[in-house]
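Peer 1: Using the sequences and the accompanying hints, generate a full structural model.
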Amino acid sequence: MAQTVLSITQLNEYIRSRMEEDPALSQVAVRGEISNYKLYPSGHHYFTLKDENSALKCVMFKGNALRLRFRPENGMKVIAMGKVSVFPRDGAYQLYCTAMAMDGVGDLYAAFEQLKKKLAAQGLFDPAHKKPLPKYPGTIGIITSSAGAAIHDMLRILRKRYPMTRVRLLPVRVQGTEAPGEIAAAIGYANHFKLADLLIVGRGGGSIEDLWAFNDEQVAYAIYHSEIPVISAVGHEPDVTISDYVADLRAATPSNASELAVPDQDALRQSLDAMSAAMASALNRQMKAARQHLNVLSQSPALRSPMGYIEQRGKGLELLKNRLIAAQNQQLTQKNSRYIAAVSKLDAMSPLKVLSRGYAMAQRENGEILRSVRQAEIGERLELSLSDGKLRATVMDKEEGK
Numbered sequence: 001m002a003q004t005v006l007s008i009t010q011l012n013e014y015i016r017s018r019m020e021e022d023p024a025l026s027q028v029a030v031r032g033e034i035s036n037y038k039l040y041p042s043g044h045h046y047f048t049l050k051d052e053n054s055a056l057k058c059v060m061f062k063g064n065a066l067r068l069r070f071r072p073e074n075g076m077k078v079i080a081m082g083k084v085s086v087f088p089r090d091g092a093y094q095l096y097c098t099a100m101a102m103d104g105v106g107d108l109y110a111a112f113e114q115l116k117k118k119l120a121a122q123g124l125f126d127p128a129h130k131k132p133l134p135k136y137p138g139t140i141g142i143i144t145s146s147a148g149a150a151i152h153d154m155l156r157i158l159r160k161r162y163p164m165t166r167v168r169l170l171p172v173r174v175q176g177t178e179a180p181g182e183i184a185a186a187i188g189y190a191n192h193f194k195l196a197d198l199l200i201v202g203r204g205g206g207s208i209e210d211l212w213a214f215n216d217e218q219v220a221y222a223i224y225h226s227e228i229p230v231i232s233a234v235g236h237e238p239d240v241t242i243s244d245y246v247a248d249l250r251a252a253t254p255s256n257a258s259e260l261a262v263p264d265q266d267a268l269r270q271s272l273d274a275m276s277a278a279m280a281s282a283l284n285r286q287m288k289a290a291r292q293h294l295n296v297l298s299q300s301p302a303l304r305s306p307m308g309y310i311e312q313r314g315k316g317l318e319l320l321k322n323r324l325i326a327a328q329n330q331q332l333t334q335k336n337s338r339y340i341a342a343v344s345k346l347d348a349m350s351p352l353k354v355l356s357r358g359y360a361m362a363q364r365e366n367g368e369i370l371r372s373v374r375q376a377e378i379g380e381r382l383e384l385s386l387s388d389g390k391l392r393a394t395v396m397d398k399e400e401g402k
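Its first residue numbered 1, the sequence shown is counted upward by one per residue in this note's numbering.
Incorrect hints may appear among the rest.
Listed next, the in silico DSSO-like pairs over lysine-lysine satisfying Cα-Cα at most 27 Å (straight line) [stated by the list, open to error]:
1) K116 <-> K135
2) K57 <-> K77
3) K118 <-> K160
4) K62 <-> K38
5) K118 <-> K135
6) K315 <-> K335
7) K77 <-> K118
If you're looking for bench data, these hints aren't it; they were derived computationally from the structure.
The structure presented is a predicted model; accordingly, all values stated were derived computationally and were not measured.
Peer 2: And the structure:
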């Protein structure tokens, strides 16, 4: 009996057909750790699942990968679902994944933690970027579903607390695949046309799947880039979303957002009444002080007897004038005495006083005063100054004293 000879391709195709016909391999779930993870530009994911003793090649095509709620990473423990088949070209069997979940935690929770970590690293949660809310907003924009109970609760509270503000509703879907795009677009629209002084973005309570639109990266960036301050009001108080972290203020519920957005008109009235009373009390104190000051002025001599006051001031002026004159005379007397003393000293030191006692002062023709016999030459003409005139003489002889 002749043996049938198969090509490699035929053998691989045969094995693949037998594996795909096996119900146990057509829908399997395997647990393992991701390694050698690669995401190709085509959008397909290639990786290996391994445990302590074995490894299994896996592929997840783009269509299935788009439904993932988290980004697979090396070392991550997952449960992968799909079918086992052979890739004929390589003759290797592998798991064709159609779905994947984190092992031990839900994939939504894993996706939430991944995005939270990523956005925190990029600074979207930094308190330095958070804007203060307007104290008295003129217009509030509410981005939520027009059909939900949340919008009615918010409008009721806003009308009760602060009816002066204007409310603009920007209706969007708040769950489903199209919800994140609509929410982000509404935030951008409100900013572009400057529709409000404050935005409230949120919805009522629900499951984590219902609230998932507010854990979307697109919505997070729209809130972060909003020039209008944003209050995030998603679900109930225990519910925390990415929008809560990025927003300028987180409200526990949509109703709480309305309370945080505007002041209470009753509290404002009480505050205004208190300020009015304080102003009236301060004005009364000022009036009382002014009245007392007026009474003091009315009792002053200047107002009661103007001429008497003028005469009194005139006497004071006359007394001051006399004191100034006396001081001036005293100062002149002192200065005159010092002047006479100085003149006496100068007169005592005057050369004329010396000449009057019989002395003479000899000068050369150039005006030089002779202080020594050695300065004069025989035959030189000199000028002699006496107390009553001058003599001109010629040096006939000279003799130095001993």
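Peer 1: Of the numbered hints stated earlier in the document, which are not met by this structure?
Peer 2: Checked against the structure, the hints that fail are numbers 1, 3, 5, 6, while the rest are satisfied.
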